[in-house]
Structure formats: C-alpha cells, structure tokens
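J.: Keeping their order, the protein sequence lines are chains A and B. Just so we're aligned: 13 in the numbering used here is position 13 of the first sequence, and the numbers increase by one with no gaps anywhere. Add 1000 to the 1-based position in the second sequence for the numbering used here, that's all there is to it.
No false leads were mixed into what you were given.
From the structure, some residues in chain A lie toward chain B, with a derived Cβ separation under 10 Å: (1) T84; (2) S119; (3) T122; (4) S140; (5) F225; (6) T227; (7) V228; (8) D250; (9) W251; (10) A298; (11) R344; (12) A412.
Hint data in this document are derived by calculation from the structure and do not stem from the laboratory. By construction, the Cβ of each residue, glycine as well, lies at the ideal position given by its N, Cα and C atoms.
2 protein chains.
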Amino acid sequence: MALTLRQSDMDFERRFAAFLSTKREVSADVDAVVRDIIARVRAEGDAALLDYTLRFDRADLATLGIAVSRADIEAAYGKADPKTIEALKLARDRIRSHHQRQMPQDDRYTDPLGVELGSRWTAVESVGLYVPGGTASYPSSVLMNAMPAVVAGVERIVMVVPASGGTINPLVLVAADLAGITEIYRIGGAQAVAALAHGTETVRPVAKIVGPGNAYVAAAKRQVFGTVGIDMIAGPSEVLVVADASNDPDWVAADLLAQAEHDASAQSILITDDAGFGKAVEETVERQLRSLSRSATAAQSWRDFGAVILVEDFEAAIPLIDRIAAEHLELAVDDAESLLGRIRNAGAVFIGRHTPEVIGDYVGGSNHVLPTARSARFSSGLSVLDFVKRTSILKLGAEQLRALGPAAIALATAEGLDAHARSVAIRLNM
Amino acid sequence: MALTLRQSDMDFERRFAAFLSTKREVSADVDAVVRDIIARVRAEGDAALLDYTLRFDRADLATLGIAVSRADIEAAYGKADPKTIEALKLARDRIRSHHQRQMPQDDRYTDPLGVELGSRWTAVESVGLYVPGGTASYPSSVLMNAMPAVVAGVERIVMVVPASGGTINPLVLVAADLAGITEIYRIGGAQAVAALAHGTETVRPVAKIVGPGNAYVAAAKRQVFGTVGIDMIAGPSEVLVVADASNDPDWVAADLLAQAEHDASAQSILITDDAGFGKAVEETVERQLRSLSRSATAAQSWRDFGAVILVEDFEAAIPLIDRIAAEHLELAVDDAESLLGRIRNAGAVFIGRHTPEVIGDYVGGSNHVLPTARSARFSSGLSVLDFVKRTSILKLGAEQLRALGPAAIALATAEGLDAHARSVAIRLNM
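Isolated chain A (complex conformation) (with noise of 0.2 Å):
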C-alpha cells in the first residue's frame, strides 16, 4: 500500500513537507576508493584501465581490446531484432528532428551608442558518453543522450560501456551505430570516466562528459568536473500523475507501475479528486503487480514511496504539483491545457489520457533525461544547450569608448581597481 495524503486533513500540510523531503537514495561514500580509481588511471593509464576491467568487469581487455571495432558492430546488428533495430531508427529520427528546434541563434547586432555586441554560440569540441553494463544497459538512453551531441554538431563524440562478464548489450552498440559514433570503448566505472577526463594511451579526453551511472560513476563525474563539464547527475525516476474519474483506472496503474519497476527507489505519485477513483487505481495497482516480471522492485517503489494524493480540485493541486516538481507530469484531466499554463514546475509533461509517459521515453521525440528529486524547480532536461557555449561578444570604436569610458572609469575607481582604470583612462589619454 502507498502512502495517502487528504488535503483537506489538518495535519495534511506537515505530512505533505515530511513526505516531499524523504530520501529515496542513499548515497554511498564512495569518494575515497574513486580518488584512488581516477589517480591511478591518470598514472598507469591503459594498464589501469585492463587491470580495472578484469577486475570489476570480469573481462580481459587484453584480448578483448579497449576499443570497439566496426566488426563488433556488424555482428550486433546480427545480434538484434529487426523490429528492435526499425523501432530505434524511429526514435532517433523522432529525438533528431524535435532536438534541430532547439539549436540557439547566434545574436550580432549594434547598439544605439554604435557599440557591437554579440553572443556566438559554438559546440563543446568533444563528449564522451557513459552507458551503464548489465540491466541498465539502455539503447533508449544512448539514443538520448548523443542525438542532441550529433544535433549541437559535435566532432567527436565517444561512448564508453563497460563489457560485463565481456559482453555488452548489442542493442547499445546498435544505437551507438545509428547515432553516427564510430568511437567506443569497453571500459566502465570511475575507470572509464577518468580515461574521459584526463586520457590513456588509447583514449584521447573529452572537454565535456554526460550519461547515467551508478555511484562509483557519479562520484568519478564529480570529482572530474571541472577539468570537463558535466551533466546532472540524475537520482532515482519518478512520475506524477495527475488523474480525474473519467480515468480507466487500469491505464492510470500501468503508467504508475511503468515508473516503479525502475528501481525499488522511483517515486509514482496519483493526485486525483476523486477518493473512489483513487482506491480504484490502488488495487488496480495491486493487481497488475502480480503479473510483471520486476514486480518485486516495483512493489518495493510503490510501497515505500508510492503516494495518492486527494485534493478538493485541480486548482487546489497546482501548488503542490509546483512544490512536487516531478520529472514527468501527466495531465489526465479534461481541461489539461489550462492547468498546464498555471503549472512552473516540472521536467516534461504529459498532456492527456493518450500520452502515457512511456511515449516520452522511447518515440515521442523529446529527451528522457529530465530533472529527477524536485530539481525541476532550477533545471532542465538534457537538450541541444547541453553540448554548445555561448561566447559573448563586444566591440568598441574610440567614438564608443569615449561614450562608455568614464563610467567605467568611475565604478573602477569605486572598486578600488586602479589598473581597472588605467585601461581605459590611457585610451582617452585622462
């Protein structure tokens, strides 16, 4: 059973603030043995990385080899189904055309004074992409991930994966193909992401480095960052829906389940003004849970932090949609257009009964690396944005600087920045 909060309760808002500030992740401490990890990589270099690799993969890199040859992609394509591969070239077409919206505009133009200003965008030079081993192992997420590289134009992007037990999911090699990367490696863990970040003999570094992990690769990202960018790093998945009676209860439970068997720590929330509907949806819940196949983590997620929400009415929710700040919102309701206009809060949302979430995952077109932990109150999901900078530009002529100049002179001053000053005094000959 999950947790159910009445808003018309009189303790309802302590119990909503206790709910909102559970922890669904422990994180583990595992800065020391990454330092160690990351050190001995920068030192050794390739040898590190085999050692590693042996010993936390069970493969042998030294026969194996580090990188990934083409032939290796040909025999996953053989590996894979044809359906699979149709329904990844879909999605990459799909995730290509939504993210080539979101390419920034450079900006030149000249002020009233006659001063030039400008903000050029260029993309990040490289980036390398970690991809999880073992059940993790998404070709959705490669798919995700590169595509706004390849959209940002990007010159090198390089995957790493790590060849557990020395395999690596095909599927992933096939949507690494399909994403145009020619560069992939068969390392993974803190190893990998500093071979990223500082260079092997065989593995030239990235300026910038995304991708989901677990917490050896969180830590490692951390503590690389600086030396290269990085993305968020991303907590456990949660959805929240937000659902009237008008509702198939079996469509709400699917797509409050489809977030649970994430991971025994996803969230999946229901805000519904209906308290029949909501119990309906609760053993709906019950029920489908017996016939998944990860029903066990999804009964865990649902059970510790599973929530249903009662609220008088949907205008009554928004504030505690806002506060919620989910990374996926779904919009099951009659006016879900206008609700969304009132709503600020929340990594993607999903308008309607016809747009389960799942759609967002794989084909909808839109990235699924969103804003996890109530972090879409201050970011956003991967995008285009991710892999460019912007280099702001200015441009004086002696005409504007004498404009300008004494103001500047006058805060420099101000400042106590007397080489500030100068600068610009020496110029205007004052």
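Given chain A, work out where chain B should sit, using these hints.
T.: For chain B alone, kept in the frame of chain A given last:
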C-alpha cells in the same frame, strides 16, 4: 618577469602543455567545517546565524538585525558619490538591454503524425545572490548577477552580504536597490548559503543560489547543490590578449595588469607575432606596476602566472587560443573579425584596439560572470538562461498513440521493461 614561450622552439608543445595544466588555486579543504556549519544552521536557524556572524564577521545581528531595512538602503545612497550612482544606473540599463535579447522563446508545434510537441520556459521561482564582504564586495558584480534574474522574471531575488565588522559597502546596497532587490540579509559565509538553501525563521529558502565567494562559500554551494541549484564555481580570473606590433604597448600592458590586480592567482597572457613588441609590453608592465595601488598583487600574478607567447603568425595561434579557452579574450589585431570566426573557445571576446576588457567588466552590457580555468571549452557566461528552465511537452491523441505505440512497445520489451510496454499496450487493447 613572466614566462616566455616561443612556438618555434623544439620543446614548445611540452612547455605549453605544462603551462596549461598549472594549477593556480590551492583548494583549501574546508568541507568538514562547512558540513558542521550547514548542519547547525538547519538545526538552530536564526540563532546559528547570529552566533556565526558574531564570530566570523564580528557583527552583532541581535542589534543590527538580520534583514537590511529600507532606511539602511536610503542611508547607503547618502554615502555614495552621485557620479558612481549614475555609472551604476548606466551599467544596469545596458546590462538589462543586452540580457533581454537572451530570453528564450517557447516552442509548440504539431509534427506530420499529428503529435504535439513543445518546450516551455519558466523562471526559477526564487534566487539567492551571494555577495562577498570586504575588498571583494563589488557593486558591479551585484548588477551582473542580479539583472539576468530580473530579466528572466524571477519573482523573488534575495541578496546576502556579510557585514564585516558591522558594515556593508554602501555601493553594494545601492546596486541591489537599482536592480530592484528588496530582500537583503546581513549574513555571509557557509552559514548564509545554508540559510538560503534550507531556510531559517527569518530567511525563506530559495530554489537557486548564485554569486562568487571564498572557499567556504564555494564548498557550501557544492554541498547544498541538489537541494537547490547553483551557478558555476568561478576560479581566479584570466585574460588572453592577442596583439600585433601595431598596438601601443602601454595599452596592452594596462590590460594585462587590469587582470593581474584582481588576485595573485589571476592570469594574464599575451600572444604576439612580434618578439620586439612582446619585449616592449613586458618592459611597460614592469614600469606600470610601480604606480599601482595593488602592485604587490599584480606583480605576483604576473610573475607566477603571466606569459608572453610568441607565434609565427596568428593563424598558428588559433589552436593555442582554443586550448587556453580564456575567460576574457582580447583580439587587438587588424583582422580581428576573421580570427574570431575561427576560434571556438572563449568566455567573452573583445574586438579591436578600443575594446579593453574592463568595458565588459562594467558598462558594455554583456555579463562579466564568465567561465574560468579553461572551462569555456564546455560552459558559458552567466545569462538569462541560468534563471529559467525548460519543461518539455508531449501530447498524443488515440491516432498518434496507434502510430507510435508499437515502436515504444518493441523498445520497452527489448529493454525488459514489462510495465512500460503494458502502459502503451493497455491503451491499444493489445
């Protein structure tokens, strides 16, 4: 004397690489102290703020008050030079005009299948602006951090600034007032960051914290990241001046020293194609140093981290410029525009002989909060984009779900995610 590097020398690559990897900042290990401060502010609220402020800032907030009052701000105007106030107004207006062009546009469209997609931008709901006390308490920095948030439409902007010895730089209060900030607290250090992130009786928490600070502030921002958003952690400032022999050595020397006076860890680099000009600039730097109020700081920066790099021609300088990835790049050469078009990495570019970097520090209109320490390879200066976030929107009808659903089911099944597959299949009666 600064370092001299000649691109034509046999060992240039080795020496340039060593120069690039020089650490300019020793990061003090203050994590444990900061952790304690944050924990105590969370537990004790205002009482902890009062105690820490008495100890660290020698200011008694029980008497002064935590909040700065309207009367305090009026009094600050009385202490400020009217010419400086006018200069701050000019700076504010120019920063506002420039940043208004950075506001991203919402996007909503229907694709050929009839799927509706979109991106909606909303302002971060509340932002805390950290302003250092003492000599690094710069009014220009208040404007540069606050105005993008104002333009973004952030509803609540809170400023914290320590009252070192009981007083706050009046120009900092004036700048805050000119930016429209009304909520100001006399607190600094890790305790101020903790108050902004977690709240106390007096200080309501914010969603994002920006602004420069010392090692304690930087460590505190890192530790509260996740609970709130943070901006980049800025390192010591740097300038790269690319100049030919047609420049006045006096102008170029002044620009190099304007950077060097910031901090003994600041860095000033000259790239020139003329050894004689390089020599002349070095001599002029030594001469100008003598008449600076902050000459000890500037001399140490120039001696420890300054460099003159001699290139065959500016064509050959391009890869060096990109590898340095300077926070500030001055292009004082004849064909600066064509050089600009071929450079990828720089925080801000200042074009031509009449655009000293100092104009950008104050009144150019562009932002002076820029990526340091080579991070311009993967990040951008502060902008309106730092105060907004994007929600992606997806909307399918029954027909669109029939078109895309089977591919989503295929991918979910391939990834072993049954409940994902069911969430789509159940709507298609599959």
